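Visitor: With these hints in hand, go ahead and build the complete structure from the sequences.
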Amino acid sequence: MNQLFFIFLLVLFSLVTLSCSHDTVVNVPVFVGGGKLISAQPIKPQQLQLLNGVYDVIDGSDQFGKKVVVKRTGKTLSIFTGKNAGLFVFQCGRIDSTLIFEGYWRYTQGGETGLAQFEIPAENNGKPLLQGILPTPSFFFQGKIGNGSAEPTINITLQYNSPLKDTTFVILAHRGGGRNSDRLPESENSLGMIQLAESFGANGIEIDVRLTKDGIPILFHDENFSPRLVNGDYCVGPVSNYTFAAIRTLCTLKNKELVPTLKEALEVVVNKTTLTYVWLDIKSPEAIASAAALQQEYQKKAFAAGRKLDIYIGLSNDELVDRYKKENMVSSADALCELSMEDVRAVNAKVWAPRWTLGPLGSNAQAMHSENRKIFVWTLDQREFILPFLTQGNIDGILTNYPALIAFEYYVFQ
Amino acid sequence: MLASAQDQSVDRTTFRLVGEIGGGYSYKLTPPKIILGNSTRDGITGAFRLKWGSSNLLGVGVETGYIPISTMAMNSLASEFGSVDVSASLSAIPVLAIFTIQRLGIQMHTGIGYYRMTAKATVMGKTMESSEWNMGYMLSFGFTRPLISDLFIGTELKWNNIVEQRISILSLQVRFLYFLYGK
Amino acid sequence: MMRFVLIVALLLSFCISQLCSTERNAGPYISFPYPFQQYTLCYSIGASLTIFPRSVVEEEIRQIPMVNTSVRYGLPYNFSLITQFSTVYIINSVSAGAMWSYPLGDVSLALSDEFTYWFGFADLDGFDTQAMGLLNRPGISVGIDIDDYKITMKSEMLILFSQHTYFGSASVGKVKPEIAGVVTSAILEQDIWKSTFMSFALRAHYARPNYQVWLAFAVQDRWLLYPDVQISFVF
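Chains as they are written, first to last, in my numbering: chain B, -15 to 398; chain D, 30 to 212; chain H, 1379 to 1613.
Source of the hints: derived by calculation from the structure; they are not laboratory data. Be careful, since some hints might not be right.
What the hints assert, rightly or not - Under the rule of at most 20 Å between Cα atoms (straight-line distance), these lysine to aspartate or glutamate pairs were calculated in the EDC-like manner:
1) B/K285 - B/E241
2) B/K238 - H/E1436
3) B/K197 - D/D71
4) B/K334 - B/D380
5) B/K111 - B/D80
6) B/K149 - B/D380
7) B/K67 - B/E107
8) D/K155 - D/D114
9) D/K149 - D/D179
10) B/K20 - B/E96
11) B/K284 - B/E248
12) D/K149 - D/D71
13) B/K240 - D/D71
14) B/K247 - B/D198
15) B/K197 - D/E158
16) B/K309 - B/E326
17) D/K149 - B/E207
18) D/K149 - D/D114
19) H/K1552 - B/E368
20) B/K292 - B/E248
21) H/K1554 - B/E368
22) B/K284 - B/D380
23) D/K62 - B/E326
24) B/K285 - B/E251
25) B/K128 - B/E96
26) D/K155 - B/D198
27) D/K149 - B/D198
28) B/K247 - D/E109
29) B/K334 - B/D318
30) B/K358 - B/E311
31) B/K197 - D/D114
32) B/K247 - B/D318
33) B/K197 - D/E109
34) B/K238 - H/E1437
35) B/K67 - H/E1556
Stated by the list, open to error - Partner residues are not named here, just some residues of chain B that face chain H (Cβ under 8 Å, in silico):
36) S165
37) T341
38) G343
39) E368
In this text the structure is predicted, and so the values were computed from the model without any measurement. No residue lacks a Cβ here, since even glycine has one placed at the ideal position from N, Cα and C.
Guide: If you want it as structure tokens, here you go:
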């Protein structure tokens, strides 16, 4: 009897330990019926831009810390908080001279989220803002938040503190905007994620490029298919074993999007965003030629559309560097090199991208800058690791899974 | 007391090497996330084990075999590439370290190891095959009865869980056991 | 969370149910909570494999193997000293602590507490990093001697006291006690062949990404469930 009970326990114990934790997506809450914005007029981007600044948190500091950064991000207005890499993303509109902001708040490290609704009444700075008058320290930006889909009832009050300084600092969003493990509403390396990157605080993205069996460059991080990235029982093993048609037919990304091609991704970057940097993280030497061809095509398209856009071929290992040199791309396709400074010089890379785990760069940074090269450090996600790099002040950008956190730390630090 | 207890333990303990071969019906428990055309989730499965131990102790061993997981086929699927014919299949070969306990005639096996997953697909006339090792587990309950001499026959209900692919298969098997060493 | 509650419930029910008497096997044991003879020593050497969730390690090395050795030394009044050492170079840990046992017929209970100092090095391409930390692991064990083998169920809490990371010329540290997780183990110790004794352990970690994956620099605060298997020879 004892033995049977032991067997029963062992079985139950095994069953309990057998399953893995799954990453369920935390969806963006939406206002029932579309909220007040459904009947609002658009606000001009230059009017929204006037709200940019560092604000003190008068009500809501328990949830969002003592300071936040407000910034126009494309057509949206975002607020970046230091706590749990939190952010707000607002769609904006006006009803007469009252400015309406509706959207959501979210901890990007953690996943808690809820509805958010702010207003600037006409008689209380609404009209001056629409007339192009900058906010003053007496300006209060107020609203309410809720938890999940619950109606917003918790007061949040922000008081304008100081403007954001002009900056060319580059905040690159990893995998197009974020990882699947952060349970964002779009899959990593998807077209939807690329369109979210700016509202998360990024002005650039890093995307991963691989070739299918028939030579089509697609966005995909891992070498092999797995339930981490795709749905589809018959997508197993190396991505390079499958043709493009097979991948698009047999599997989807985790949030049911199609696996995008590099061409589709660059099309979205140029036509649907105002991102200024794209880092193509090339995963195999065979992909360099086709990636470089698309790089040149889309940089020309961006230029023709009056857009500033720098696209870099990312070289992360010796094999890629050798192929890049062999294809004679040194003078034709801008590169970003993750290896040593000697390798950077050998391929005349425009950007040196050292891993943050090598520590602050010291005189190496000065050497690279004196050669007119930029420096992007990767992949920084934690405040305590970010601050030493910001303190030294000798880098041009950071690649991160949490652009909201970098945006907050950078603008508040300055 | 302790010495006599150890003596009694030695009396009960008889180490054996046992070879086991089995086959039966398997069924994939987890439904497909993408459903295209006609699909199957069952098939004929087989297993082979080599085990070491005594019936009063935890035994150890290795297991391998073949598990058909699923198939699908669809003609004239409407897609961005036009009308396409698609077919695919998925199978696994387990290579597991197993542990076994026997009480009151019931044998429990549990195992941990890897499954060699193989997918074959034909899309738009192009055939591709792809394989990968994925970690997983196994748990089974069964019983055996003597047949002749050192040969036993038994049945088993087995659960294979290929954790890294989130695929579970249940199978019912008939098996034959033979003592290769020890009686 | 429900899985953790189930594990604790199983542990308690196991403890309550085992009240009958069986004779005791005299083989060596490391984990079994029956008191050790005073001033006697037992040790084990083996290997463990911890399997981390993909959300933490992605396509990097998901299974962390380590070589382990444990020593138990009997003291008066049912106390034992316990030490453990595990290594795989990029992650190493040294533990020391004590266990107090209370026999109840063929069932034994024990309370234990260990301090674990862990440290790791990464001086590969792109890394000039080291990390170290201090953990405390209070635990409770229940064991039963079943005829020819010993089964132990053990539950430990992981309390993280401090953690420091050094990267290049910079360093960051945290000195703030916090509960980082719970580990529940099922351990079987028995003879495998002519008085060669082995220990088989299956552990369920319900914890934030642990020191074994310090190199992943995971920021997720969620507790994740992941297993660990250990096999050792016991002498």
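Visitor: Taking the hints in turn, state whether each one holds.
Guide: Comparing the hints with the structure gives:
| no. | hint | in the structure |
| --- | --- | --- |
| 1 | B/K285 - B/E241 | violated, 26 Å |
| 2 | B/K238 - H/E1436 | holds, 15 Å |
| 3 | B/K197 - D/D71 | violated, 30 Å |
| 4 | B/K334 - B/D380 | holds, 12 Å |
| 5 | B/K111 - B/D80 | holds, 9 Å |
| 6 | B/K149 - B/D380 | holds, 15 Å |
| 7 | B/K67 - B/E107 | violated, 32 Å |
| 8 | D/K155 - D/D114 | holds, 10 Å |
| 9 | D/K149 - D/D179 | violated, 41 Å |
| 10 | B/K20 - B/E96 | violated, 24 Å |
| 11 | B/K284 - B/E248 | holds, 16 Å |
| 12 | D/K149 - D/D71 | holds, 16 Å |
| 13 | B/K240 - D/D71 | violated, 26 Å |
| 14 | B/K247 - B/D198 | holds, 15 Å |
| 15 | B/K197 - D/E158 | holds, 11 Å |
| 16 | B/K309 - B/E326 | holds, 14 Å |
| 17 | D/K149 - B/E207 | holds, 18 Å |
| 18 | D/K149 - D/D114 | holds, 14 Å |
| 19 | H/K1552 - B/E368 | holds, 10 Å |
| 20 | B/K292 - B/E248 | holds, 19 Å |
| 21 | H/K1554 - B/E368 | holds, 15 Å |
| 22 | B/K284 - B/D380 | violated, 24 Å |
| 23 | D/K62 - B/E326 | violated, 48 Å |
| 24 | B/K285 - B/E251 | holds, 9 Å |
| 25 | B/K128 - B/E96 | holds, 16 Å |
| 26 | D/K155 - B/D198 | holds, 10 Å |
| 27 | D/K149 - B/D198 | holds, 17 Å |
| 28 | B/K247 - D/E109 | holds, 16 Å |
| 29 | B/K334 - B/D318 | holds, 6 Å |
| 30 | B/K358 - B/E311 | violated, 24 Å |
| 31 | B/K197 - D/D114 | holds, 19 Å |
| 32 | B/K247 - B/D318 | holds, 17 Å |
| 33 | B/K197 - D/E109 | holds, 18 Å |
| 34 | B/K238 - H/E1437 | holds, 16 Å |
| 35 | B/K67 - H/E1556 | holds, 18 Å |
| 36 | S165 | holds, 4 Å |
| 37 | T341 | holds, 5 Å |
| 38 | G343 | holds, 1 Å |
| 39 | E368 | holds, 4 Å |
When each numbered hint is compared with the structure, violations occur for hints 1, 3, 7, 9, 10, 13, 22, 23 and 30.
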